[in-house]
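**Q** So you can see what is in the structure, the chains are spelled out below.
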Amino acid sequence: MVNEVFILRHGIRLDIDDKAYWRHYLKRNDDVPLSNRGIIQAEETGEFLKKENVRHIFSSPFFRTLQTAQAVAAKLNLPINVEYGFMEMLNPDWFPAYPELLTQEEALSIFPSINRDYESIVQPEYPETDYEVVVLNRVKKALDQIIMNYDGTILIVGHGASTESAAKALMLPNDWQGFDGKMCALNKYVHENGKWTFAFGTTEHLSTESILN
Amino acid sequence: MDKIFLLRHGMRLDLEDEAYWRHYAKRIDDTPLSANGIKQAQETAELIKDEGIKHIFASPFFRTLQTANIIAQKLDLKVNIEYGFMEQLAEIWFSAFPEIIPQEEAYEIFSNINKDYKSFVIPKFPENVSKVDVFGRVGRTLDHVFEHYDEPILIVGHGASVWETTRNLWEKGRANEHPPEEYNQKMCALHKFILQDGKWQLVSSTTDHLSYVDTW
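Just so you know, the sequences run in chain order E and Z.
Residue 12 is where the first sequence starts when you use the working numbering, and the numbers rise one by one after that.
Residue 5 is where the second sequence starts when you use the working numbering, and the numbers rise one by one after that.
Rather than coming from a laboratory, the hints here were simulated on the basis of the structure.
All values reported here derive from a predicted model rather than from experimental measurement.
Any given hint could be a false lead.
To be verified - Footprint (simulated), chain E over chain Z, 3 or more residues, beta carbon under 8 Å:
1. 18–32
2. 36–43
3. 102–116
Ideal Cβ placement from N, Cα and C applies to all residues, glycine included.
The task is simple: from the sequences and hints, build the whole structure.
**A** Structural data, given as structure tokens:
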């Protein structure tokens, strides 16, 4: 059974660092990559995690989460399991339809650490309008299965909504206070005496101040 | 005309993200500015806002239009899209005439484009020898600009086209093949030329106005 969970939101997005022009030069507007600052954050996070004993990495299939996971995976020499259960909330205010993401073949060619044998536990359905129930439940379903089927320390790379939901799902029925939702903030949870406890939430491994949005 | 400003576009996004850029770009031949590049363009606009510039000419690439449009907004001027100042069409960079942002799309994004301007020169692919090919078409473009515009101008181009413009402005025979020390090759370096005794003199070539200077 998994006994330590790191929850990580992707780094700063390109659309935040270039609000004026990004939509005019991206191939897939639903799938914004990291900005230069975000890439640096991801590498710093990988450096920080070297001293932790992460054994399995699970990531949302979005470009920015795969970039973040890849930066960590390269430093830890681990594969990335692409889990749709941790994908961005399929909020119709953000996506007019199910978002256009990289195909699996493209993702495999860009991100060398992806584990091609992993099969996603959850496949969220568009649209998701109920954050408190629908998103929480699909994140919880993926997380519960992973905790049951894997051992040791894991890292989950997701988005604002899915990382917060993962923190809530772990701590249920208790409060999830303390969770740091900033981009590339690291949150650690430990399983002790039959329950999950919040160890820390930090951005101290990042060289510049991070942001919520 | 007694004053000319030449400007290379700001820092490029593809140079700040060499690993992933081509995988999320809509047009890989037409990289935009990075956040640093946008800031450089704004800083350059601040520097030249009181120079009395009357006309702006820019290469049709995304990064040069971004740079020019940011300045044009500050100066309340239009941007004339001139292919004669476009990037060198070298086969080491492009496999064919580059796919760049279509004019109609550019109009929507860049508020200050002059829709009535007709590009004087359209370079032909390929251009593998900058000192001949780019030098020649920039020269023809400049002749046209000198003939029709007579106030201080700003030209926004690329590494090769800005340097070949410089070589054209200097005595054509002199024409150093490589930029001398006093010529700053950095992105968003601003070159100021003044006509003295019938000759174009480079009076400043600087990145002092920039808070970020590239290391490429």
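**Q** Take the hints in turn and mark each one as holding or not.
**A** To see whether the hints hold, each was checked on the structure:
no. : hint    : verdict
1   : 18–32   : holds (count 9)
2   : 36–43   : holds (count 6)
3   : 102–116 : holds (count 3)
When each numbered hint is compared with the structure, no violation occurs for any of them.
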